[in-house]
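A.B. asks: Residues per chain, in single letters:
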Amino acid sequence: MRDHRTRDPKPERDAAASRPAGESSPFWRSLDELAGSDAFLDTLEREFPRQAVPLGEGVDRRRFLQLMGGSLALGGLGACTRQPLETIVPYVRQPEEIVPGKPLYFATAATLGGYATGVLVESHMGRPTKIEGNPQHPASLGATDVLTQASVLDLYDPHRSQAVRHLGRIRTWSAFVDSLATALGAQEGTAGAGLRILTETVTSPTLAAQMDAVRQRFSRARWVQYDPAGRHLARAGARAAFGSWAEVHYDLSRARVILALDCDLLAGEPGSVRYARQFAQWRRVWERREMNRLYAVESTPTPTGTLADHRLRLRPERIEALALALAAEMGLGATPPAGLDRQLGTWARAVAQDLLRHPGESLVVAGEWTSPELHVLAHAMNQRLGNFGSTVHATAPVAAAPSDQIADLAALADDLRQGRVEVLLILGGNPVYDAPADLGFADALRHEEARLRIHYGLVENETSAYCHWHIPATHYLEAWGDARAFDGTVTIQQPLIEPLYGSRSPHELLAIVEGRPGALGYDIVREHWLPQLGSEAAWRRALHEGTVPDTALPAAGAAAGGAVAAAVQRLSERVASPAAEYTLLFRPDPTLWDGRFAGNAWLQECPKPFTKLTWDNALLVSPATARQLGIDEQRTGRNRDRHPMVRVTVGASYLEVPVWITPGQADGAVTLHLGHGRTRGGPVAEGHGFDAYRLRTRQGLWQQRGVSLQPTGEAYALASTQGHFSMENRHLVREATVAEYADNPGFVHAHVHAPDEEMTLYPKWEYAGYAWGMGIDLSSCTGCNACVVACQSENNIAVVGKEQVLAGREMHWLRIDQYFKGPSADEPEGVYNQPVPCMHCETAPCEVVCPVAATVHSDEGLNDMVYNRCVGTRYCSNNCPYKVRRFNFYKFSDWQTESLKLQRNPDVSVRFRGVMEKCTYCVQRINHARIAAGREDRSIADGEIQTACQQACPTGAIVFGDINDASTEVARWKAQPLDYGLLEDVNTRPRTTYMGRIRNPNPELEA
Amino acid sequence: MSQIFHPSTNTISRVSIFGAIFFVAFGVWLAAALDRSAPVTRENVVFEQPIKFSHDHHVGEVGIDCRYCHTSVETSSFAGIPPTTTCMNCHSQLFADAPMLEPVLESFRSGKPLSWTRVYDLPDFVYFDHSIHVAKGIGCTTCHGEIDAMPLTTKAVSLKMEWCLACHRDPARFVRPRSEVFNVAWNPATLSRQQRAALVQEYGIQSKTSCSICHR
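Taken in sequence, the protein lines are chains A and B. The numbers in numbering that gives the first Met the number 0 rise by one with no breaks, and the one at position 585 of the first sequence is 584. The numbers in numbering that gives the first Met the number 0 rise by one with no breaks, and the one at position 82 of the second sequence is 81.
Mixed in with the good hints there might be a few duds.
Unchecked claim - Calculated cross-link-like contacts (lysine-lysine; reagent style BS3-like; alpha-carbon spacing at most 30 Å):
1. A:Lys763 <-> A:Lys900
2. A:Lys890 <-> A:Lys801
3. B:Lys159 <-> B:Lys135
4. A:Lys101 <-> B:Lys159
5. B:Lys159 <-> A:Lys820
6. A:Lys882 <-> A:Lys820
7. B:Lys111 <-> B:Lys159
8. B:Lys51 <-> B:Lys159
9. A:Lys101 <-> A:Lys882
10. A:Lys900 <-> A:Lys890
11. B:Lys159 <-> A:Lys900
12. A:Lys763 <-> A:Lys882
13. B:Lys207 <-> B:Lys111
14. B:Lys51 <-> A:Lys890
15. B:Lys111 <-> A:Lys900
16. B:Lys207 <-> A:Lys763
17. A:Lys820 <-> A:Lys763
18. A:Lys801 <-> A:Lys820
19. A:Lys101 <-> B:Lys111
20. B:Lys51 <-> B:Lys111
21. B:Lys207 <-> A:Lys101
Calculated from the structure, these hints are not laboratory results.
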C-alpha cells in the first residue's frame, strides 16, 4: 500500500515553490527546512511522516479490499459487547473529609538536589494524580518545572522496587533490621570507624538532626553527600567569595539589566520557577511600558538563552576571557586578556556600561557549570554594582551540611579500597552509575572488607547490583519528611498515600542507625518541629500552608571581596594558555536530569529544548564543528533519521555517540547530556541513549578540555520531533524590538491579509454566554516543557515509545515549536518558542470533514472531540492546518498495568486504539467550574478556570478565560494590537492567539 | 427454445424487490427496537445484591430523606453510597439480629466493605454530575422513578442518550421547585407548563447539549 496522498515521483522542487507565492520567512525549525532539502519536503507532504505503514510487498488491491472488508465486519461485531456489570464499594467508615467524586489537595514539597519546590497535590479518593505548584511557596508561586510535574508518575512506576532483597532474594524487613543492628553493634567498639553513610545533598533539618544523633553514637563514622548534578562549583565559588559556605539567590523583580554567564537562570537553577515568573513580569511591555534586558553568554543553548535580548555563543574558555574583559571595564582590577577580538571587546564594553548605568537594579549570574573563579568574579561584579541586598541575596547555606562533595566521595572510594569501610549505607542516589569515572567507584565498592553494603532506592539500579541489601525507598508522596527551598524556607512533606509497597522512609532507616529502630517517620519529623512551632495548631497550619513560617534564611552581611584578585589571576592564566581543539561539556539532561528520571516515560518522551530529541541523548555540535569533522551531511543512507556517530575520547576512555547538529552551539564546544545509557533501572530507563558519566572526571565535572572526536562511519537513529507537524512557516512567529513596537504597536498584522469576517460559508453564530479563549505570550515562553508534561498528566495522554515517535506518532496535545531566525545555521539571530495547542477555531476545518460528527463545535466555542463517536477516518487531522490532532494508531494507553491506573485523572476518558484526540482546553476543568458556579447561581469568575498548561507555566505565558467578558485577563490580552492568530489568512478564526515577541536590544550593540 | 421464466414470475420478482426494501427497513426497525428494549437497557431488571435492600421500606414506609444516606448528592458528581456505619446508626438497635442484616453486621465487625452491583451504570465515557441537576430543580424521582415503591431497586429509565437529551433540550418538561427535589411524593401535574418554564428562567437553567458537557 502506498500512501494515499498523491506524491510527486521525483521531488525535485525547491523550498520556495512549496510555499505560497510572495511569502518568505526568515524563521526555520530544522536544518532541513533551512536548506529546503528533499527530506523536509517529503515531511511536509505527509501529515504524519511515514504514517501509512506499507503492508509489505505483494499486497494488491483485491487483497487489501478483502482485508479491509474483513476488519470492518469484525470491527462492527466487536463493538457489540454488552456493558459489563460494575460494582460500587462504599467505605465501612467514611473518612470525614472525603467526598467521593471530589478531589482534595494537600501541600507538600518535591525536591531536586535537595532543593524543595512547594506543591499542591491533587488526590482522588486517596490517589495522588496531579502535581500543581503551591502559590504560597516562594520557590513555586503556583507553578512548577517539568521534572516536578512528572514526578507523580515515579510513584506509580511499575518497575519500582517492591521488596527488601538480599543478594537478589526477597527477604523480610526484620531480617534486614537484624542484620544491620548486628553490624552496627560490632561498630560500637570502634565508635563507628568502619561506618559510612552516603546520601544525596541533604537540606532536611530533621535528617540533619538525625545525622547528629548518629554521630553521637558513632563519633568516627563519616557522612558523605554526593549529587552528580549538584551545585559543586557554585558552592565552591560562593565559599571563596564570602569566606565561608554561603548560598546566593536572586530577586529578578528588581533587575532591569541581567547578564547570564553560561547560566540557565530561568530553567536550571534551584529558584528558577520563581525567577522565571519575576523575569516575565518585565517582558509584558503592553502592561508595564518598560522592559528589562537580558544578556546571555553560553556555550550550549539553554531556555534562558532563547529569551535573551543579546545572546552570544562562546566556548567556555572565551566566556572566561569575556568575563575578564567585563571585570576590567567595571574596574575590578582585571586587565582585558590579550588577543581578545574587537567584537567581543565592544560587546563587553557595552554590557558593562549598561550594567553600570543600573546600580542596584542589575544582576550578573554565573552558571553552575562555570569555574569557581568565574563565580567569584560574578559576585564581585554584583558587589561593584551595589546589587547585594537588592537583586542578590547571600545567605547561610541551604544544605544542612555543605561540603566538598567530590573530595568526600573520593575519600570514600579511597577508604573502600583501603578496607577501612565495613558498613556502607547508601541512602538514595546511584554512585556506581554517576560517580566521576576516575574514582573507579564500582570497583572500590567491591572490596571485601565492606562486609555490609546497603542500597536504599526507588528502583533497583546499577548501585544495588553492587550491594548486599537493596531496600525499597518511599516516594516523596508516600512519606513524612522536610526540605528547604532555595531561600531556606522549610516545607514539611506530608504523605498522600500509604507506601504502595510497604517501604520505609529515610528517616525510619536512619533511626535504626541512631539506635532507635521502629521509630515512625511521622513521629521523627513531628518531634523535630513541634518544639520549634510551639503548638499543635501551628504544626497543622504549617502542613496546610506548605511552608513553615520564618524559616527563610536571613541575608548574611558577608561581602564578596578578598578572593577577587586571586580569581582574576587564575582566570588570566587559564585564558592565556592555548585552547584545545574541542571541549566537551556535560549538562544535566533537560528532562532526565542526572539520570534519576530515566525510568519516567513522560520525561523520556518529552521533546528536549533545541533538539526535540526523545528517548536518547546525542552529542550536540555546532554546524561549523560538524563541517570540520566532515559530518555536516547530517543524514546517512536512505533513512533521514539516522545520524552519524563519532567517537569521543577523553584520556583512556571513549564513547561512541550520534551527533546532533545544533544551531546556537559554540564552535569547538560539544555537549553531552547526563542521565542516559542506564544499564539497570527498569525497561524505560535501560538501553536509551549514551552514558556520559563514562567520560566525566573529577577535574572535568562540567567541561573536559582537550577531547578528541573521530567519526566512526556508523549511524544511529534519533527520534526527534523537530520536523513533525510543520505548518510550513507562514508568518507564524512575529517579532519586533521594543522601539519598533513603540512606532507600530500593530506590527504583527503587517503583511498579513486577514480575510473579512463575512467571507465564510459557515452560518453566523453568536456566542451568547461564555466564549473560551487562550492567549500565549511569545515574549516570555522559555520552552521549558512544564506545560507539555502538565497536559500529559492532566489528560491521561499516552506514551508511544521511540519507534512510534520516529513514525511521527507522539501523542502530546501541546507541542512547543522552536524556530531559529536568520539565513545562517551557524549564527542564528534568535530562537523562538511557540507552544501550539488546539486553536479551537471558530470556523474549524476539522469539523466539516468528519463523516460521523465526532468533532463538533460547542456553544461556548470549544472544538469538542467525542471519542465514543470517532471511527478513526483521520480526515479531521488531514484537514487541520495547525497539525494539532493526534491519532491512536495502536492501543497506546496502558490498560493492563494496575499501578498506572491509579495515576489516571478520573475526569478524563482513557482513549483506545483508532480514536483521534487533541487539546480540549481542559474541558473537565471548565465543566467543574461551570457546575460549581451553577450550584451557587453565579457566573464563572476570571481565573477560576486554569488549564493545566497555564497552571504549570513558570512565566505565566498562558492565560485562559472568557473572551466575551472584556474585563478578563485573556480579553485584555486579545484587545492588544500585539495579539495575532496563526494562519489568520485561512479564516479559521482561532481562539488561541499569540502575543508577538518583543525584544529589548541594546542600541549600542544593534549597529 | 421456450422461455425459462413463466410470465407469472414477473409478479414474484416485483414483490421480492419491494419486499427486500421492507425487509431491510424491518431489520433496521428491529435493531433499533431491540437496542431500546428493557433486556438490553436493563430497565426494571433486578440485580443480585449483598442485601435485599428495600427503598420501599426505608423511604416509602419509614420516610427517611434521600440525603441521609446519599450524602454527597448536593455537592459532588457522585451521590454517595452510604458506608456501613450509616446502616449501623439505626441497625445497631433495630432488627439488630435479623438474619437478613447479617452482611451489614459482618461488614461492620470485619471492616470489609459491602459490594453493591451498580443499577444506574453510565458508560465510562459519560460524565454525569448529581449536584448540578439537584441544584437546578431536577428531582430524584425524575430519573430514579418511584423509588419509594421499589422493594428491590431497579432502573426506571433507559439511560440512553436520547433520554438524556429529551430533558437537556427541553428542561421545562421535568423541572420542579427546588424545595420539592427530594420529595418522592411530588406530583409533576401540580405545575403548569408556564410555571415550569418560569422555574427554568428563575434557576438559570441552560439547555446544554454540546458534546463536551457530558463527554470528555
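A.B. asks: Among all the numbered hints in the text so far, which are the ones the structure does not match?
C.D. replies: 1, 5, 7, 9, 13, 14, 17
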